[in-house]
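For any residue, its number in my numbering is found by taking its place in the sequence shown, counting from 1, and adding 523.
To be clear, the hints were calculated from the coordinates, so they are not data collected in a lab. One should not assume that every hint holds.
Unchecked claim - Across the chosen pairs, the derived CB separations fall in these ranges:
#1 LYS707 with ALA567: 38 to 44 Å
#2 LYS619 with ILE575: 18 to 24 Å
#3 GLU613 with LYS802: 27 to 33 Å
#4 GLU530 with ALA569: 31 to 37 Å
#5 ASP738 with ALA569: 17 to 23 Å
Claimed, not checked - Calculated cross-link-like contacts (lysine-lysine; reagent style DSSO-like; alpha-carbon spacing at most 27 Å):
#6 LYS543 with LYS609
#7 LYS609 with LYS704
#8 LYS718 with LYS704
Backbone N, C-alpha and C define an ideal beta-carbon position, used for all residues, glycine too.
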Amino acid sequence: MSKKGTETIPKEFRCAATGKALYLPVITTEGVAYSFAALFEMFATAEGGLPICKATQEPIRFFPGVCQPLHLFMMSEFRTSMRGRKQQDEADMFEKFGLGMPALPDTPEDESDDGWMELFTCPVSDELVYEPCGLSSGSMVSAYCVPEKGFKKDPDRLIACSLHFQAPKKCLALEAMVKTKFPKEYGQRANDLAKQGIQATGEHATGSYAQFPQDEYIHWGLGCEGCGIWPIVGKAWYDADCPDKVGFHLCDQCYTFGYHRRVITGRFNQNHMPKNTMKEVQQNDFM
Numbered sequence: 524m525s526k527k528g529t530e531t532i533p534k535e536f537r538c539a540a541t542g543k544a545l546y547l548p549v550i551t552t553e554g555v556a557y558s559f560a561a562l563f564e565m566f567a568t569a570e571g572g573l574p575i576c577k578a579t580q581e582p583i584r585f586f587p588g589v590c591q592p593l594h595l596f597m598m599s600e601f602r603t604s605m606r607g608r609k610q611q612d613e614a615d616m617f618e619k620f621g622l623g624m625p626a627l628p629d630t631p632e633d634e635s636d637d638g639w640m641e642l643f644t645c646p647v648s649d650e651l652v653y654e655p656c657g658l659s660s661g662s663m664v665s666a667y668c669v670p671e672k673g674f675k676k677d678p679d680r681l682i683a684c685s686l687h688f689q690a691p692k693k694c695l696a697l698e699a700m701v702k703t704k705f706p707k708e709y710g711q712r713a714n715d716l717a718k719q720g721i722q723a724t725g726e727h728a729t730g731s732y733a734q735f736p737q738d739e740y741i742h743w744g745l746g747c748e749g750c751g752i753w754p755i756v757g758k759a760w761y762d763a764d765c766p767d768k769v770g771f772h773l774c775d776q777c778y779t780f781g782y783h784r785r786v787i788t789g790r791f792n793q794n795h796m797p798k799n800t801m802k803e804v805q806q807n808d809f810m
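Hey, can you work out the whole structure from these sequences and the hints?
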């Protein structure tokens, strides 16, 4: 707390675009944390191309899902500040784009240490996440558990499709979060891994994104609700039964993987059911 009684937000927990406290945080492949509304605005207003990361100056190709563990941590750790951030971001999103924000709980089901430990458990190693990386699905995973060129399958909704060949980079915001909640346990994980001779791979993103033929059609303004690629390149699919203004879209790779056969809530709370009819997007359909 500052002398005036207001909360001080460490720089690790501030949006790379706005410098304000992260609300509904999303983590890029390069490990950079943005507020959902800020990153969406960057995608929506990018002129004839992709948004450029404020931290790395590299193009951002995927719009990730909200990282729920970090969202819950922010809402719990900085309660006073986050009330204002929530109101402001939701108002701005509706005023600028006529859209609501993702509907996520503000408190975990279990606020005990055991509950937080479960939230911070790596889905691959089943241990406390170490040098955590944010994935396009909004999940987080230990850097040493990520294959060198990223996940090429989607066994547990880690990364949705084969377009994402690049392994993610360690996220400082996620690491700071875990260290804040479990400093002793995090240090012990480092010691345990060192004894096993395991070296984390999350310092640098490796691999490269899938390349598309230059003549592939680009669906400007359409993002995939599976892997998060934005804009969708090549064949795209939409839910013909989705009543929501923003619609529900998948890239061809996620469609081929069968994402449309799952119950999915989209980034803007669109409800997709397996019984819904998917149709191919025709060029200029949504321009």
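Against the structure, the hints:
1. Judged by the Cβ atoms, the range 38 to 44 Å given for LYS707 and ALA567 holds: they are separated by roughly 43 Å.
2. Checked against the hint of 18 to 24 Å, the C-beta distance between LYS619 and ILE575 comes to roughly 20 Å, which is consistent with it.
3. At about 32 Å, the CB distance of GLU613 to LYS802 agrees with the hint of 27 to 33 Å.
4. Between GLU530 and ALA569 the beta carbons are some 32 Å apart, a value that agrees with the proposed interval 31 to 37 Å.
5. In this structure the supplied range 17 to 23 Å holds for ASP738 paired with ALA569, their Cβ-Cβ distance being about 22 Å.
6. Between the alpha carbons of LYS543 and LYS609 the distance comes to roughly 11 Å, so the proposed pair stays at or under 27 Å and holds.
7. Note on LYS609 and LYS704: the hinted pairing holds, with a Cα-Cα distance of about 23 Å set against a maximum of 27 Å.
8. For a cut-off of 27 Å, the pair hint linking LYS718 to LYS704 stands: about 24 Å separates their Cα positions.
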